[in-house]
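Student: So you can see what is in the structure, the chains are spelled out below.
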Amino acid sequence: MTAVVQAEGLTKYYGRRRGLEDLTLDIQPGEIFGYLGPNGAGKTTTIRLLLDVIRPTRGRVQVLGGDPRDPAVRARIGYLPGELALEGHERARDYLRFLGRVRGGVPASRIEELAERFEADLSVQMGKLSKGNKQKVGLIQAFMHEPEFLILDEPTGGLDPLVQHEFLAMLREVRRSGRTVLMSSHVLAEVESVSDRVGIVRGGRLVAVENVAALREKAVRRMELHFDAPVPAADFEGLAGVRDVRVEGAGVRCTIDGRPDALIKAAARHTVVHMVSAEPDLEEIFLTYYSDEEQHSARQESA
Amino acid sequence: MLAKSLRDSRRTLVWWSIGLCAFMGLYLGVYNSVRESPEVYGPAALAKFPGALRDLMGLQDFLSGTGYLQSAVYQVFVPMLFVVCATTLANRAIAQPEESGTLELVLTLPVDRRRLVLQRWAALVVSLLVVAVVTLAVAWALSAALTMGVPFGRILAAHTGMFLLALLFGTVALALGAATGRRVVASAAVGVWLVAGYVVVTMGSGVDAVAWLKWFSPYHYYIDGRPLYEGLPVGDYLVLAGATVVFALTAALAFDRRDVGV
Chain A
1 MTAVVQAEGL TKYYGRRRGL EDLTLDIQPG EIFGYLGPNG AGKTTTIRLL LDVIRPTRGR
61 VQVLGGDPRD PAVRARIGYL PGELALEGHE RARDYLRFLG RVRGGVPASR IEELAERFEA
121 DLSVQMGKLS KGNKQKVGLI QAFMHEPEFL ILDEPTGGLD PLVQHEFLAM LREVRRSGRT
181 VLMSSHVLAE VESVSDRVGI VRGGRLVAVE NVAALREKAV RRMELHFDAP VPAADFEGLA
241 GVRDVRVEGA GVRCTIDGRP DALIKAAARH TVVHMVSAEP DLEEIFLTYY SDEEQHSARQ
301 ESA
Chain B
1 MLAKSLRDSR RTLVWWSIGL CAFMGLYLGV YNSVRESPEV YGPAALAKFP GALRDLMGLQ
61 DFLSGTGYLQ SAVYQVFVPM LFVVCATTLA NRAIAQPEES GTLELVLTLP VDRRRLVLQR
121 WAALVVSLLV VAVVTLAVAW ALSAALTMGV PFGRILAAHT GMFLLALLFG TVALALGAAT
181 GRRVVASAAV GVWLVAGYVV VTMGSGVDAV AWLKWFSPYH YYIDGRPLYE GLPVGDYLVL
241 AGATVVFALT AALAFDRRDV GV
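Going down the list, the sequences are from chains A and B.
Here the first sequence stands for residues 1 to 303, where the numbers follow the UniProt record's numbering.
Here the second sequence stands for residues 1 to 262, where the numbers follow the UniProt record's numbering.
If you are wondering where the hints come from, they were derived from the structure by calculation, not from laboratory data.
Ideal placement from N, C-alpha and C gives every residue a C-beta, glycine not left out.
One or more hints might be untrue.
Straight line, CA to CA, 16 Å or less: simulated EDC-like cross-link-like pairs of lysine to aspartate or glutamate [as the list claims (entries may be wrong)]:
#1 B:K214 with B:D224
#2 A:K128 with A:E166
#3 B:K4 with A:E87
#4 A:K134 with A:E190
#5 A:K265 with A:E237
#6 B:K4 with A:E90
#7 A:K128 with A:E90
#8 B:K4 with A:E83
Derived coverage of chain B by chain A (criterion: at least 3 residues anywhere in the stretch with Cβ under 8 Å from a Cβ of chain A; other residues may be distant) [unchecked claim]:
#9 1 to 12
#10 68 to 75
#11 93 to 102
#12 250 to 261
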């Protein structure tokens, strides 16, 4: 199967200002790709290049096996802009129907069904929509024609938690039906629960692409075990993947890299009364990536 | 797409039509009192104006129906307002939605960019045609009611010229908007070209140094054939229409190769 997105050396300069440099990335069918980076890093530039709103300075990009310039390719994409502008006296419902017609026909019932799921009021004039409602209209138009490829630029900004929950449920449905999603965010917590892979972009460059499951496995995790009687420190020393062990009477604190298997087996020899394991903080891991990258480039610059 | 553009601008169309008709009504409505006071508005009175001002305002003859209709409606203000209306409508095609950010989503729809521009240009043509037909009906009705004695064919000829003039400037605004994405650029260019072109044709006609510039003034092709007096100036109007088509195609090509919204 061909990749949904195939970018090779994709570069965009706005005059002399760098928007995106040398992006090489494949997004596979059926995956949810989280595109992460601080504001101004090049996320929206990438997305606009994928949709032919702007044209690359250098490099090549194919979407769904074709050129994004081809209207037929864009018909198979659903897009939520990062800064969605909706205005005018037109009612949201009429605008959605218009978009549906241009995209080759979306049944009115489908629009109503999505409006119900997001609890969006479509009888409001577009210029009078609240920020949250605007975002809902944006999500409805992105999902309504059941596109093969969804591009969502900062989709959860302005959504209340209930709607956000519904949105994540819809993303999972999309994945289950084998469709592909590219979703940008500047907060990892928003994308980590649904993404298969996460790419990090900084200063116009893609600095890392990681599998979320693998990352979680690699993640550093703090653990605390409590026993019914004091335990010998020796039992917990030299275990594979276990670091910073501190034994204090009946309590053991440590840090594990990756799998907790060795620690659990060692603890099983005693009577465990209580166990605390902090969820690995992926944010922290990414921050480590970021700072490594910065130190790396700082070293290069000083050299 | 076309229907949607028209629907979006229907309020603008209604208000412009009402405005232009009211303007014409005010000016034409006083024709009877003008006709009855030749000592105030007759040739002797007009002669008191400085020559340059007379040229600039196109003051020739207020007493005959044709002369008054030409001076009050077709000479300056109504064509100018018509051009402003066309520019406003043209800016709604590309520049305004680009500045407000609503164009981005539209561009990602499965519509070819060149087609999008041409469809929005077609909406401009239809919109202006609506305003032209409404104002034509009112102009004719008023002139008939006031027994100005101008045949409908002549009014139609003059009105057609006004429509073509407005459409040309509207298309220029659309082309500049499509090429730059900025309303200010489009409006300023139209304003400068319109006013400079008008001045060259009126005040400048006697000044050899600038008189030749009239060939670059759309207004020249509108006024030169004296349509209200002599009927449809086919050649002149074809120049206006031809230039319009060239600018429309330029708009489509310019927009097709541009980054939008950056």
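Student: Does the alpha-carbon distance linking K214 (chain B) and D224 (chain B) stay inside the 16 Å limit?
Tutor: holds, 10 Å
Student: Given the hint that K128 (chain A) pairs with E166 (chain A), does the C-alpha gap stay at or below 16 Å?
Tutor: Not OK: K128 (chain A) and E166 (chain A) at ~24 Å, beyond 16 Å, violated.
Student: Regarding the pair K265 (chain A) and E237 (chain A), is the alpha-carbon distance no greater than 16 Å?
Tutor: Holds - the C-alpha atoms of E237 (chain A) and K265 (chain A) are around 13 Å apart, at most 16 Å.
Student: Does the alpha-carbon distance linking K128 (chain A) and E90 (chain A) stay inside the 16 Å limit?
Tutor: holds, 10 Å
Student: Counting residues of the region 1 to 12 of chain B that have a beta-carbon nearer than 8 Å to any beta-carbon of chain A, does the count reach 3?
Tutor: Holds, because 5 residues of the region 1 to 12 of chain B bring their Cβ atoms closer than 8 Å to Cβ atoms of chain A.
Student: Using C-beta distances, would you say chain A covers the region 93 to 102 of chain B, given that this needs three or more residues below 8 Å?
Tutor: holds (count 3)
Student: Do at least three Cβ atoms from the region 250 to 261 of chain B come closer than 8 Å to Cβ atoms of chain A?
Tutor: holds (count 4)
Student: Do three or more residues of the region 68 to 75 of chain B come closer than 8 Å to chain A, measuring C-beta to C-beta?
Tutor: With 0 residues close enough to chain A, the hint is violated.
Student: Are the Cα atoms of K134 (chain A) and E190 (chain A) separated by 16 Å or less?
Tutor: violated, 19 Å
Student: Is the hinted pair K4 (chain B) and E83 (chain A) satisfied, with a Cα-Cα distance of at most 16 Å?
Tutor: violated, 23 Å
Student: Checking one constraint from the list: CA of K4 (chain B) to CA of E87 (chain A), max 16 Å. Satisfied?
Tutor: holds, 14 Å
Student: Sort out whether E90 (chain A) lies within 16 Å of K4 (chain B), counting only the CA atoms.
Tutor: Distance of about 10 Å is within 16 Å: holds.
Going down the numbered hints, you'll see the structure goes against 2, 4, 8 and 10, while the others check out.
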